[in-house]
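Undergrad: If you want the building blocks of each chain, they are given just below.
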Amino acid sequence: MSDVSVQIEAASPGAVVAESEHVGEHTVEVRPDRIVAACRALRDGPSQYLLLSDVTCADFPDEPGRFRMAYHLTSLATGTRVRLRTWAGAADPELPSVTSVWPGANWLEREVYDQFGVRFTGHPDLCRILNPLDWDGHPLRRDYPIGGEDVQFTDAV
Amino acid sequence: MGTSEPRTGNFPLLAEGREAREAARRGNRPLTPTERVIAAVEAYTPEEAAERTLANAMLADTRPGVREPLLINLGPNHPSTHGVLRLIVELDGEVVKEVTPVIGYLHTGIEKQCENKTWWQGITLVTRMDYLAPFANIKAYTMAVERLLEMEVPPRAEWIRVLLAEMNRVASHLVWLGTAGLELGAMSVFFYCYRERDELLDLFEMVSGERMNHRYFQVGGCAQDLPPGFVERVRTFATELPKRIDDYEALLTGNPIWKDRMVGVGVLPAEDLVALGVTGPTLRAAGVPHDLRKIAPYSGYEHFQFEVPTATEGDCFARYLVRVREMRESLRIIQQVLDGLPEGPTIADDRKVVLPPREELAHSMEALIHHFKLVSEGFEVPAGEAYVPIESPRGEMGCYIVSNGGPKPHRVHMRDPSFVNLQATAPLCRGTYLADLIAIVATLDPVMGGVDR
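So the protein sequences, as listed, match chains H and Z. Read the first sequence against our numbering and you will find it ends at 447, with the numbers running on by one and no gaps. Read the second sequence against our numbering and you will find it ends at 455, with the numbers running on by one and no gaps.
You may find that some hints are simply not true.
[To be verified] Here are some, though not all, of the chain Z residues that point toward chain H, as calculated from beta-carbon distances under 10 Å:
#1 Arg23
#2 Thr34
#3 Ala277
#4 Thr312
#5 Glu315
#6 Leu424
Note that these hints are calculated values from the structure, not bench results. We treat Cβ as the ideally placed atom computed from N, Cα and C, and that holds for glycine.
Take the sequences, apply the hints, and build the full model.
TA: Dropping the structure here:
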């Protein structure tokens with residue numbers, strides 16, 4: 291186990307599901323309900339992953355967890371990076387929000403909510419951000435129709 | 003207060019208030035803070051705002067907090083917001099109590115479009131995001147694809163990429179300096195900066211054929227070698243510009259009006275900025291020397307001598323000083339690239355990914371087949387995911403790609419620094435004057451094409 295996994299396990303035993311290294315990037319998969327504990331452990335741990343670079347998601351309709359989240363953490367001291375991965379679930383995608391660890395996750399999680407429909411519990415302001423507030427559907431889902439949909443904004447013409 | 007006549011019609015901001023309430027109704031939940039503000043600002047027509055201001059002015063008690071706060075809508079189209087940024091400002095007199103940025107007016111779904119294009123077609127799309135730093139966009143994207151392909155880029159191509167990325171940083175900072183000057187009333191700086199930037203755009207046109215939205219970096223290297231006369235022209239420019247920057251500094255750095263508007267305005271402690279995810283010159287001006295070119299060098303940045311300018315004050319003036327010094331450091335890097343530019347190919351020799359040279363198509367059947375397959379089907383990228391961050395003029399520009407092994411991406415996501423940095427607007431502006439808000443947004447340097455993607 292790597293240092294990162296050891297730190298997460300120490301803070302929240304049983305949180306780490308898997309770990310991999312590919313093209314020089316380190317990924318640690320954690321249980322969905324432990325994502326906040328894992329983030330907090332890495333932020334406050336000895337390697338000081340103080341900067342949350344990015345939160346994003348990818349849709350895998352054939353996987354049981356469907357929405358695969360990627361949290362990219364950066365250590366300001368050493369410049370090392372780690373990716374935390376977790377699955378949000380297919381039927382009712384929901385994850386705890388990490389805004390309590392990094393307030394900067396606010397807009398990043400709103401974007402994931404807007405584009406994928408993953409809800410973040412405990413988020414202070416969970417509404418759409420890029421699409422209009424009452425938009426139908428979540429455009430970055432793989433099953434969102436491309437072409438043939440109604441022309442939007444015709445009321446503004 | 004206000005007219006009782008129901009307002010109908012197509013005034014777009016009214017529609018947004020309706021949308022906010024509709025979204026909450028569908029979700030069977032109360033309005034979120036942002037939705038509440040969007041719905042509330044709808045209640046104001048210019049007449050009503052005037053009426054409220056008058057009512058406030060009639061109050062005998064003028065202590066702060068006594069008057070009813072005023073919600074003012076700034077944007078989406080406003081000369082001082084750097085593009086289609088909408089700010090809903092809650093004012094007590096002239097003091098900003100709260101700012102709610104509303105974005106998305108330039109959202110074009112580039113990430114979605116990338117999923118339905120081949121990997122190489124995606125370059126054309128991502129270059130259009132942060133339109134002041136097109137080379138940074140494509141650099142992050144091509145580097146991410148190259149990482150999944152585990153592809154080596156020839157040294158000359160890397161150096162040319164560094165050269166253009168640094169020229170792009172100078173061009174972007176020149177636009178920033180010019181527009182920030184314009185917003186604070188220093189108009190001539192705008193003309194000077196755009197004069198210099200135009201020379202850079204001419205150089206970009208010379209090398210890529212386009213003044214914006216270049217498609218010059220390819221997966222594996224650069225589309226072609228530098229044109230004849232390019233190096234000499236860049237050298238002239240790089241020798242000339244430091245004197246011009248001296249001129250701008252003579253106009254601004256000691257200028258009492260400029261300093262009055264900037265010194266001590268818009269300060270947040272460095273740890274708050276880090277917690278908000280802020281990177282780039284804004285973070286460095288607060289004393290954190292975080293520059294990806296130094297801390298995690300890519301593309302051979304470790305071979306170049308340059309400083310990372312920082313300041314400790316963290317105010318608008320420090321951000322100005324940091325950006326000006328960054329231009330000088332970029333020019334140093336440009337000089338070093340011109341002096342040591344290695345010879346050799348400008349693109350990797352991998353016929354399964356890289357288009358064959360144009361002249362081969364006339365006499366080589368194999369080259370023609372490769373060309374046809376690459377253009378019609380595209381190349382396949384091994385399954386996996388990669389996140390490649392680079393230092394764009396505004397901070398950490400990250401490209402996250404997921405491949406399922408096919409010729410089209412499964413997911414492309416760009417972590418744009420403007421998007422994340424813009425979150426600092428509200429904490430930076432609380433308690434300042436309305437006029438300071440303009441200076442703060444100007445020195446955050448958001449580019450809305452990158453924010454909304």
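Undergrad: Which numbered conditions among the earlier hints are violated in the structure presented, ordered from lowest to highest?
TA: When the structure is compared with the hints, numbers 4 and 5 turn out to be violated.
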